[in-house]
Each structure stands twice: as C-alpha cells, then as structure tokens.
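For chain A, the structure is supplied; the task is to place chain B on it using the hints.
As given, the protein sequences belong to chains A and B, one line each in that order.
For the first sequence, position 85 (counting from the first letter as 1) is numbered 85 according to the working numbering, and the numbering increases by one without interruption.
Here the working numbering runs 1000 ahead of the position in the second sequence, where the first position is 1.
In case anyone wonders, no lab produced these hints; they're calculated from the structure.
Treat the hints with caution; some may be incorrect.
Stated by the list, open to error - Capping the alpha-carbon separation at 27 Å, the derived lysine-lysine pairs in DSS-like fashion look like this:
hint	chain 1	residue 1	chain 2	residue 2
1	B	K1140	A	K273
2	B	K1284	A	K353
3	B	K1229	A	K353
4	B	K1140	A	K410
5	A	K273	B	K1125
6	B	K1229	A	K345
7	B	K1251	A	K202
8	B	K1127	A	K347
9	B	K1033	B	K1055
10	A	K345	B	K1125
11	A	K345	B	K1227
12	A	K410	B	K1204
13	A	K347	B	K1229
14	B	K1127	A	K345
15	A	K345	B	K1284
16	B	K1114	B	K1198
17	B	K1114	B	K1140
18	A	K353	B	K1280
19	B	K1125	A	K347
Quick caveat: nothing in here was measured; it's all calculated off a predicted structure.
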Amino acid sequence: MNGYHSPDEGDTETGKEETAGGKQQRPSKESASRTKAADGAENAVAAAAGGGTPRDRLASNSRTRQRIDSLKKNRPPFPWFGMDIGGTLVKLVYFEPKDITAEEEQEEVENLKSIRKYLTSNVAYGSTGIRDVHLELKDLTLCGRKGNLHFIRFPTQDMPAFIQMGRDKHFSSLHTTLCATGGGAYKFEPDFREMADLQLLKLDELDCLIKGVLYIDSVKFNGHSECYYFENPTDPVQCQKKPYNLENPYPLLLVNIGSGVSILAVYSKDNYKRVTGTSLGGGTFLGLCCLLTGCSTFEEALEMATRGESTTVDKLVRDIYGGDYERFGLPGWAVASSFGNMMCKEKRESICKEDLARATLVTITNNIGSITRMCALNENIDRVVFVGNFLRINTLSMKLLAYAMDYWSKGQLKALFLEHEGYFGSVGALLELLNPT
Amino acid sequence: MAACSRIGGGGHSMDKSITLPPDEIFRNLENAKRFAIDIGGSLTKLAYYSTVQHKVAKVRSFDHTGKETEDEPLYEISVQEEITARLHFIKFENAYIETCLDFVKDHLVNTETKVIKATGGGAHKFKDLLEKKLKLKVDKEDEMSCLIKGCNFVLKNIPHEAFVYVKHAEPEFRFQTTHPDIFPYLLINIGSGVSIVKVESEDKFERIGGSSIGGGTFWGLGALLTKTKRFDELLQLASRGQHTSVDMLVKDIYGGAYGSLGLTGDLIASSFGKSATADKEFSKEDMAKSLLHMISNDIGQLACLYAKLHNLSRVYFGGFFIRGHPVTMHTITYSINFFTKGEVQALFLRHEGYLGAIGAFLKGAEEDNPNQYSWGENYAGSSGLMSVSPDMFPMQRTRSGTFDMLEMDRLERQLVNLPLLLDSSSYIPDTMDLTEDAMAREYWLSCFEEALDGVVKRAVASQPDLQDARERAEKFRLKYRHKLQTLRHQPCAYGSLTVRSLLDTREHCLNEFNFPDPYSQIKQRENDLALRYFQKVVRSVEMLNWEDRQFALVKGLLAGNMFDWGAKAVSDVLETDPAFGFDEAKRQLQERPWLVDSYSKWIERLKIIVE
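Extracted from the complex, chain B is given alone in its bound form:
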C-alpha cells in the first residue's frame, strides 16, 4: 500500500528544543528558495535550492607565441568568484520540526519564496504549523509520484547509488555500477503497507500491486506480541532472536527435508506454527525474529511474483521498513534469493530516505529545469550512509536519525557516457575498489592523512593575501580528517571508496573553505617549466628515425605518468632530489619487458598503418 511514511501515529511531543549550529545544518539559507518538505511518521526531510558563491581558479591570458623569456610566466591565473547551484536535503526527527522551522524562518532572507511543496503522510497533519511558522503556502504533492521522481533523480545522478546487501561479507555493501539506462525497474516501497510500482520512464509509472503486510504489520503486531513500542527496538529484538522455536519448520513436520520437492528441513513451513501447541512462553526476541522473517519472506515472495509477471529484473526496495536497517535488508535479500533462485537481486538505495523530498522539490523547481543538468553529490556537505550494524554502533544508529544531510552541486556540464566506450555499462573507471581491498584502503587512507599537513600548508600559501587563509585551512584540515576517519570505519559511507573519490572528497572540502586550488601556483610554475622544455623535447624526438621515435615517445609517456602518480612516492623523490627531472624519470624506467608490455604488437600495427 501507498502509505509509505505515515507511521507511528505521531505521538511526538513538540517541545524538544535543540540549538542548531548554523554552519553545519541548514546551510546557505540566505540564498535559499524553492522549499519542499516530506514529513513521514518519524522523520522530516526538508529540501531547498540555494546558490553558493565560491572561488574558482582560472587560466587567463595564455601566451601562444612560445617566446622564451625566462622571467615571465607563460600564463596567468586569476581567482574569480563564481556562483553555482546547490541542492540541500536535511533529514531530522519530527520532534525537532518546530525548532527547525523557526530556525529556517529566522535565517531566510529570500522573499520571493511563497510556496512550500509538501508530501508524506505528515504533510496534512503539519500543514497549519508549516503555514504559521514559515508564512508559506503549503502545496501538497502526491507521495508516490514524488517518490518515483526522487528515485529517478538519484539513480541518474549519483554513481553507486544502488547496492546489494551481503551479510557477513566484507564489505556488506556491493555498489552497482550505474547503468546508462535506468528504466524499466520495480520499486517496492515498504512503509506501513507495501506498494509495488513499475517505472518505465521519467513520466510513466504504474502501481501494479501491493500488500497490506508491511512495516506497519511488523510494528503493530510486534508491539502487541512483545510489548515493545519502538520500531527500532523491535528490530533490535529481532536481530537477537531465534525463530526456530516459534516457527514450524519443514523438519518439524517431516523429521528432515522434503526431498522430492527440494524443500530443505530448515525452511519455514508455517510461521508461528509452534505457538499454538507450545506450552512454554516464547521470548520477545524469538517472536520478533519470527515476525520479521514472516513479513520479509512474504514481501519478497510477492515482489518476485510481480517481477516475474512483468519480466523485470531490477528491483529496488525502500520505505521505512528498509531504511538503512541491516536486519531487514538481509531478510529481504534472503527472501528474494530464495524465491528467484538468485535470478533477481534485491537492490537498495543509499539516499532512499530522501526520495520523497527530492521528488517534491523537483516538482516545485521545474522552472529551474533541474532535470536538464547533471548533479554531483557533494562529499563535504553530505553525511553519507550511517552505521552498518546497530549492534556495533548502537549510538550512531539512533543519532543517524537526528540530523542527516545530502548536498548536491550542479555540474558545469551535463554528464554523458564516453561514446568511444565499447560497453559503458560494464566500464569501471577505477582500477581499485578500496571498499573491497582492505589493505589498499588502509594504504590510501594513511597516504591521504599523511599528506594532509602538506595540503594545508599549500592551501595557506596559495592565498598569501587573505588573512583568514590560515584559519580556513585549519577548518579544512579538521573536516577532511574527520571524513577520512569516517571512511576508515565505514568505507561504504559514500558508495564505493576509490582513490578518485578520496581526491574528490578532498577537493570538495577545500572548496568548502574557499580554496579552489592550493596547487595552482605550483602547477603554474611546473607547467611553465614543462612548456619551455617541451620545444627541446619535440626537436630531439623529431631527429630520431621512425622506430626510435616511437620508442622514445612511449618511454616519455611512461616517465610522464610517473610524475602524475601524484602520490607519496614521487613527492618523496622530489623532496629529496629537487633536480629530479624528466630525464631522471626516464632513466628510472625499468627495461623491457614492462609489467604489461604490448609494445611490439603496437609497433607492428602502426607499421601497417604507416605503410
């Protein structure tokens, strides 16, 4: 059923007040416009659009004449102020809604905003409060269409948005490479009931079915059976329980497996089947576990039947029943695997909780054509996925509900797949997945951590005229170090962890504190040197015969790449030997055969072309 986020019956008291740090939670409110809100049974998601002004380092007046005056740089860099669009999404507990609305009102400068788009089960309940506090007209949007719009948006714009969950695996999250074509797919939204929606294109979707046995059944029936009130507590109980004392298994009936049907003995034949005859009391944990299995299996089975009927293989699960809970992700995954014999994978979304808010926002922001642009997750401003295991991080689990953020920056250009790729869906740009390779992860995290001092120094040096540079650089240091620490504990926090994403995170953090490019001056100097040297190299290469020339070019290519390693190895060399240059780098190259050496083949092919 469609009641995806109307949960709990709303017994929250409204008097909880907290002090909100303006730099961290509702950022850039001064330029905010186009508000949207998704109020669920326990969490509120606020969305708005804002612009951020930040510095950009740009090349100016490139000298094409190639004159060789020693003291004047070949190009100049100018730092400009630029304005880019940013989407802000903030998730917080309903208990803080009043405080948050007050805060937003106090910091809102833009007076153009007249309307707030609202969705979710609580939109109706909080309508008056919203209008009173924000002085904005509440414009309600259909929950399901918001959800789908939001889902399309994250699937299109966020790489590694979808993942499969593998309990006990390292890592537990397996991120999926973004398929260029996201349609068609099935979205199973498990709120208090279950809605099964088939999405065929940006504008075309259909609710093809549903079930009344959903999160509300787990919560309601669970509360009756165990006298435990909170949903999270029920999940905690379930994760500690044993269902075999409550459920009737195949082996309880058969004494073993039902071999001719291939039903194993441990299969549940009848959920709660033992509770009619047992003379003992069951533990709360065991009943909660049995209930969880019953509901997860049932949803999984229906999902499979619908996927089969409509011939769909991409099935995403969302709703408050799933929302980052490893326990339910595991039981749903198990059920899907069982019923489809592995043919369909249960997929989950990193930003599942934001879908409704994103969708409502997009509906209100159509003038700005957000769907025409590409948007990128800002790693500096986003909280990332929270703890994977409630047992390991019980505190984080509860905190994750307090304030969670997603920020997305509008990219300068629309991103498209490289047309030269043979198969863009199977192309993985990163050679190493640090979420899977623990040793490599440790190496690179340490590497970036050790390089941090140097980066801070460079950042300060890059803005000698600005007095607050040192202070901002220190803030950057804190933020980036914190990100690295988070990633050490939760490598999957921002999708697949790669060297590229570590560099991106660093860049986002630097930008956040207005350091567009700490290396710009070094780059300028080195580029200058390189460009001067370039003519000489070209001339010397030209003098070689054809075959020697090819070899020289390839060696140059490899030596050049050595510099581009950018990593510790090269910077160590440069620190100890400032004279280390291109010729030295070429001398350091190992003799052929190289590690991967198809040089001879390449030459053969080139010869044919040349002839």
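In isolation and in its complexed conformation, chain A is listed as follows:
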C-alpha cells in the first residue's frame, strides 16, 4: 500500500487489490468491503476516478458508446499507446488519429481530448519527457484509422511520477488496454494497478521488438527508407549514410543495445532465438562516463566523447610493437588494451574528461562489435541490424560498428541501422493492442 490515496478512497482501493489476487488472510472487515467492490467494480472505479460530477457521468455514457463503436469495427477504443519500459528509458508511442469526425470530436471524452492535445502540442513533458518530433510518422493508417504516430521517451526513474499522472488524469476511466513491454512492464505492474488503477497487458520484449522492427520497416519512414547502412565504412572521408532495402530480411542478427545488450537471430516473422547478450551496453557507457567525468546525461557524455581522443587512454598495438603486429595481422591502430594507458600514473594525470568519455564509448562499442561478429559467425548470418537507444544521436558508435563489422570480417558482414533506434519495442506493444495474437 502506498501513500497516494486519501483515506476515504481506502476501501475501494483495497478491494481492487484483492480482486487482482493480492495479499491473503485479511481481517474480515476488509473482506466485506472487497465483496462489495468486486461486485460493482466498474462503478467503484468510476466513482473513485471521477468523483461523481454530472459531467463525468455524461462522459461515461459516451465512452461506452464509443467503445461499442470501436468493437464493431474490431478495434480498441482510443487512446492507442504502446509502451516499452526499459532499464534506463521508457519509450512510448502514441497514435494521434487525424480523421476524427465532428461527431467523434463532440463525443470524445474530455480526458481523452486533453491527453491528445497535451501530447501533440508539446515536445517536452515535465523536465525529462521528450517527444522525438523528427521521428514522427505522418499519415499512417492503422486499423483503418489515419493519423500520426508520435515517439516519446522519458527516464525510467520518473516512472512513479508518470503513474501518478495517470492517476491524476483518471486514465483508468478511459478503459483502454495499456500494452506494455520491457522489464518495467513486470516491475511496475503492481504500481500501475495499485496507484493508478490501471491493468497492464504485459508483452514479451523480444516479441515486440521484432514485430516493431518489421512493421516500421514495412511502412517506411514518411516515404523514405527506415533502414540504412554506411557506404565505405573503412574510409572516414568517403563514409556515407545510404538507404538499405530490408525487403527480404531473413536470416538476420538483431542487436538491441539498451542499458544492456541482447542479440537475436531472426529466421522468420515468428521464428527467432536470443543468441546471447552482454551487460556491457548503453548503461555501462553512461554509468562509467558519469563516474569518470562527472557528467549526468547521455547527451553530455556523447558530446564529450565527440570532442575527445581515445588513443591517449587506450594502449594501441603500435604503442607496444612500434607498428603493426604483423605475425598476427594486427594493425598498429588497433586497441590492444582499453584504458591500458591508465595503468600509468603520469598518463592518468595528463588526460582530460573528453578523452575518457571517448575511450568509454569506443570500448563499449567495439566490444559489442566483436561479440556480435562472433555470434554472426556461429549462427552463420551475414546481416546485422543494430537498434536501441544507445545509438540515438550516436553516429560515432554507428560508424565504429559499421567499420568493425566490415574490417574484421573482411567485408563479409554488413551492419545495418534503423531510424527509429529505440522505439521498436513500444511499436510492437502498440501493434499487439491493435492486432492481438
């Protein structure tokens, strides 16, 4: 039980928790109230949510009508959300219908309208929520409705505030199914239920990820290609971003770099396996950067990395052998020991924070590259798609990955990237809402 509820809401709240199969062996007094609440659960919720003003009762009626209307057309009522609650970031996709009829507009619940207006007229929410406007998918047709798909993210740390908002805005009165994936769907499920009276539909994150990738790639990015690669990855001057046609994607190695990393081998739409994963991911980059440089955001860390030089921090092959280690085909520029120069006191004192940030980025990125390459060899797959929010605004890492894949495989492996980097899980969750499997 938490402190978000006023005392007079207590009974109803307790009741809801019990119907969801919560704690047992309650005193008999509470059992009685549970029975009452369970019988008229919907009313009880409405009462708790709306406070019983006439206007809300009206809203309640029209909501019911809308719901029936949606059901007839075999689609869920608005709002349509898909949510992916990761270790560091919450990714939210929201479908804004643009084909709302005048009648619909009139009948639209105040709550729903305000959510739509709030989300679509702002690009930032609170101090940490951000809408990635440049990723917005326009004029998308989903389940017979035309509209725009919005991409929003905020730190998982702020999840309690988000749930609190859901409560304050009486989100539960909208009776939508909240489809959520990612570990947070499990971790925060009790909070959603107990604090905001919301029932989550929990979905497997890897199922959602693959579904999302395949869908977004198929609808294209506002007429452009969603998928791209870097041409001439080993030539820094000639290296260029180019569209890639992922029409025939299988088999495919899908590397999702979030806080940690998951590597999946995808053989068809619904045949895939998780090959392995590593704990050295985006969370490690940011975590180490924070400790080493005192920065506090991903943007800051990346910005420093862009300005830094990793060769002062890392020990290169040429630092040891004076040049290439020819016997083993190792070029002099290859990193022999990440942070290897930092064993030496004098060198520790002579480097700057930017160099440390750059070295951290290079270390994590190269490591993901080499594990990926080994998996590709073991699975006999030659196309790798890198996704996840570690790659957001991180051209440095993408080019490094493209380079590493190409160089160490002697051109056998191709690194591919997707424009909507970290949002595929949430898109998959939204699709599950619209076309339940």
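Relative to chain A, chain B alone:
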C-alpha cells in the same frame, strides 16, 4: 591482444638491493648455460640449464650362481657420481633485476654462453641493462610463440599441471589427470589485453582472436575509478566489494527474473548501469567488484564464442590477470560455466607464470633437444603454488612475487603411457587423493613427519665414511619438514597430493643433500636374506599339488605385500619383533573371504587355460 606481460608502465626504482643466499635462489650457476629471460611488467623470469652432480647408488656384480655361502653378500652396491641435466626457472620482481643480474654475473663460470634469449614486454626496455651486466647478446623472441612452447612443455611434462578452480570447495583446486594427447587446445592469455590462441600441435598455433578489454582495462579503469594504484590492491578491493549496488540487475529492471528467457533476477543486465542515476557515492570496493565482474564475464563470453566456433573444449587461461589470483580464477570460472552451461571448463596452470621463460629457453636450447626427453618437477627445488587466498595469507601473497622457483630434472628415460592400459587418459595411479581426503592427508603427513627421525638416522648410517653426512642429514631434515609443513597448509602446492608424491618429495630432498639411498644397506641385507630364502620357498611350493600351489602363491603374494606397505604398521611390527618373517606374515593374513576376493573366479579361469 598479445601484450601479455607489458604491464604497469614500469615505474619501478632500480635501487632496491637484497642479499641473495646463493644456496637457495640461483642454484648451480657454476654450470649454467643457455640463459633465457622473460621480463613482464612487474615480474622477471630467468631460465637456465645446468648440470648437477649427485651420487647414485647402483648394484654391482650380482652373483647369479646362487651359492649359499653365509657370509658374503649376493650383490654389492657402489655409489657413483652421476651428472644429470636440470632446468632452473626463477621468478622475481623487476625491482630486483639489477641485483639479480649482478649476482648471476658474479657466479657464472661457464664462458661458452654468449647469448641470452629474451621475451616479454620488458625485453626491449631492459635490453641494454642485460647486455651491460651479463655481457651477453640479447636475442629477442616472439612472446606468443614462447608462451605456446612453454605451455606445451608443462602440459606434457608436469602431471597435474592443469586444474579447475572451485571456490569454497575443499580443496579449491581440482587437478586434471594428464591427457596423453594435449592437442588441440585454446589458450586465453589475459595480459593488458586478451589474446585467444588455438594450438593444434607442437609447431602449429594461430591467434584466432582477442579483445582489448583485459587486465589493463581492469587496472587502468580501476585506478581511475578508485584511485588505487596497484593491481593487487585493486583485486583486494574487488574481493571485498558488492557489485549489486553499482550494476543494474535483471531484477532491477523486471522486479524479478525474466522467466521466459530463463534469465535469473540476479543476473547483471547492465554493468555500471546504476551509476548513471544513483545520487550516492559508491564505495571503491563495490566499483572494483563491478569492474571485475564486467571484465571477467566479457572475457569468458568471448572465450566461449571462440571455443564454440572452433569446436574446442579444452580452454586454458593465463596471463597476469589470472596468475594465481583466486578472485579472478573464480570470476572467469563462473563466467565460463554460465556461458557454456558447464560444457566447457576453465582450466588454469600451476606454472602459468613461467610459460614465456620456458618457451624462450627452449628456443635457445634446441641443440640440447630438451623436447626429446621427459622432465620431472623437482619438488625439493621448486616453490610450489603459493597461497590460495589473499585474505588468509596476505603476506604470502606479496612474498610470492619475490622469489619463486621451478626446477625440472631430466629423467633417465622418456616417459610413455603403459601400453597395456585400456584407457590411459582415465587411469589414475594413486588410490588416494590426499588433497581431497583431509583425514587421510593428516594421517600420512603425520606418518612421514614421525618417520623423519628414522630416515635421518638411516641417511647418516648409509654414509659412515663421509664426515659431513650428519650435517647434510640435518639439512635434509629441515628441508623435508618444511615441505611437509607447507603441504599441511597448502595441500595443492605441488598438484594432487598423494603418498607417491610425498615419497618423491622425500627422495628429491634426500638427493639434494647427496643421500641417493639411505636404505641401500638395509635393502642389501634384506634382499640377501630373501634371495637365500627364495630357493626354499620355491622348492616347497613345487611340492604342492596344482590347486594348493595356486593358493600358496596368492597367500605369498599378499604376505609379501604386507612388507611392502613400507609404512608404520610394518616397521612397528619389525621393531618389536625382529624375528617377524615371511611365515609370520602369512599367518597374520586373515581367512578368506578377503576384503576384495575374486580368488575363486581367478582359479576357474586359470583352470580353463591349464586344460
């Protein structure tokens, strides 16, 4: 990466001087030749070949006529001087390199030596010093090929060289029985970076991969995060830390396990994942632990991916990151177990620190064909594996780096597996592993300790004409007692502890002080008696009918074995009853059925053959 021992950036001052006891550290320098040196970031390993002269007791003029003159022995023993080859390997801190080189120069008599083979990251840095001090030409050898050559050598020649590490188990080391065919294997060398090498035969190996995240990353990043300078200190910090406050675990994201993937809640989802959002300061210990896990898991994962791709199941780990550190052996083992689900075992080597020096030496000693012989670890001259736990023996840990020795003797013959064995790889010659059986260990260690007085007495008596026998015998007593004490504290110091290895150690210690066989005279007397008695026994056996004869032979066999117990039980009997003889021993045999009794079956089979 291949930079296996270039560590630390070499901030050692060269002025540390120590007095070296010549009998203990650089032994047999007067005959030394074929020098090799492996200079790492903090430790130097010196190797040389020498010859040792020692006494050997040999049987001479065996009388085959079988005459029964009472007063003349049937055979004579002569003590001869023999020369055998010995390999010396000494490991010491780089800080002592100058002192050590001076010492070597002062004691070196052999003038044939012109070259010293050198390997390791420091070979370049110390080249001038080596040439100036030793007046030898420095001949550099590739680090990786030295490492592999050394690895092949120890795997072939030292039984119980490889072990798996099991934290909290008793014992923590599980030695592997030597497989007759050591190839192919994977060697993961974790120096400042990581090199992954596939070894297919004596001459064929390939660096199939590597990683830049290695010991240098632990050290460098660890130093930045914790402001702790020394590698050992960082490991100490890590062994006290809790990684869960720094790492983001699966349960931090899921609230529990990720069941559908079988990922448990305690699994690390993101290393250092909590340090971006936590508002508190982390302890040095916790960060060091998290870093250790991150690096060990990463190396383990890559090792597994390479092992899988190349279909290899024997994976040895070495390099300064591993070198006898229980903390890193544990985390690497854990990682390998996790990623291969137990299909691949992480193997470690007792003499891992010497591989480079051994390899460099072998390259320089090809004329002597060291690889054509079998070599045995000399337990008297070798230091053995040091302390298992830095927490339990913090002082020993630091001391182990000071002077550590490995000596190997050339065996008279090339050792091969007994061709009659059904499966030589699964054959274990020792009935009891004293490293695993603590009670048996205690029994046998005490037994050998109590017998020590007697052995010393015998040793003195065996050389009545030599004046210094008593003095040497006392030195032997000290040395062997010290070995027994070491084994009591570290049963795994020389691989699996067995009654055989305790006897070998005693023999090596006796030889060291020139007692080739303290029991030679007793043996001579007893053999004499036995040989005289032999004719009578044969005649009496011949008179029996077939079945009785078989039974008599088997009883004789068992009674004879009673004497061969060699242990306290029999010597006690003999002390109290000097007349105790073969007939008495036969009478002491228990009635059938014996403890293991397949006599009847055996007779049945024999009958078929006879018919």
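- Message: Need the status of pair B/K1033, B/K1055: alpha-carbon distance at most 27 Å?
- Response: Roughly 22 Å separates the two Cα atoms, so the pair holds.
- Quickly compare the C-alpha distance for B/K1114 and B/K1198 to 27 Å and report which way the hint goes. Answer violated: B/K1114 to B/K1198 is near 34 Å, above 27 Å.
- Query: Does B/K1227 lie within 27 Å of A/K345 when you go C-alpha to C-alpha?
  - Reply: holds (10 Å)
- Message: Need the status of pair B/K1284, A/K353: alpha-carbon distance at most 27 Å?
- Response: holds (20 Å)
- Measure nothing beyond the straight line between the CA atoms of A/K347 and B/K1229; if it is 27 Å or shorter, mark the hint as holding. holds (12 Å)
- Straight-line Cα separation of B/K1125 and A/K347 no greater than 27 Å? holds (18 Å)
- Query: Given the hint that B/K1114 pairs with B/K1140, does the C-alpha gap stay at or below 27 Å?
  - Reply: holds (14 Å)
- Would you mind confirming whether the straight-line C-alpha gap from A/K345 to B/K1284 stays at or under 27 Å? Cα-Cα ~18 Å, so holds.
- Task: Mind checking the alpha carbons of A/K345 and B/K1125 for me, to see if they're no more than 27 Å apart?
- Result: The hint holds at about 18 Å.
- Does B/K1229 pair with A/K353 here, judged by a C-alpha cut-off of 27 Å? holds (19 Å)
- Message: So if I understand the rule, the pair passes when the alpha-carbon distance is 27 Å or less; does A/K273 with B/K1125 pass?
- Response: Roughly 50 Å between the alpha carbons, so the hint for A/K273 and B/K1125 is violated.
- Query: Does the alpha-carbon distance linking B/K1140 and A/K273 stay inside the 27 Å limit?
  - Reply: Outside the cut-off at roughly 49 Å; violated.
The structure fails hints 1, 4, 5 and 16 (numbered hints given earlier, in ascending order).
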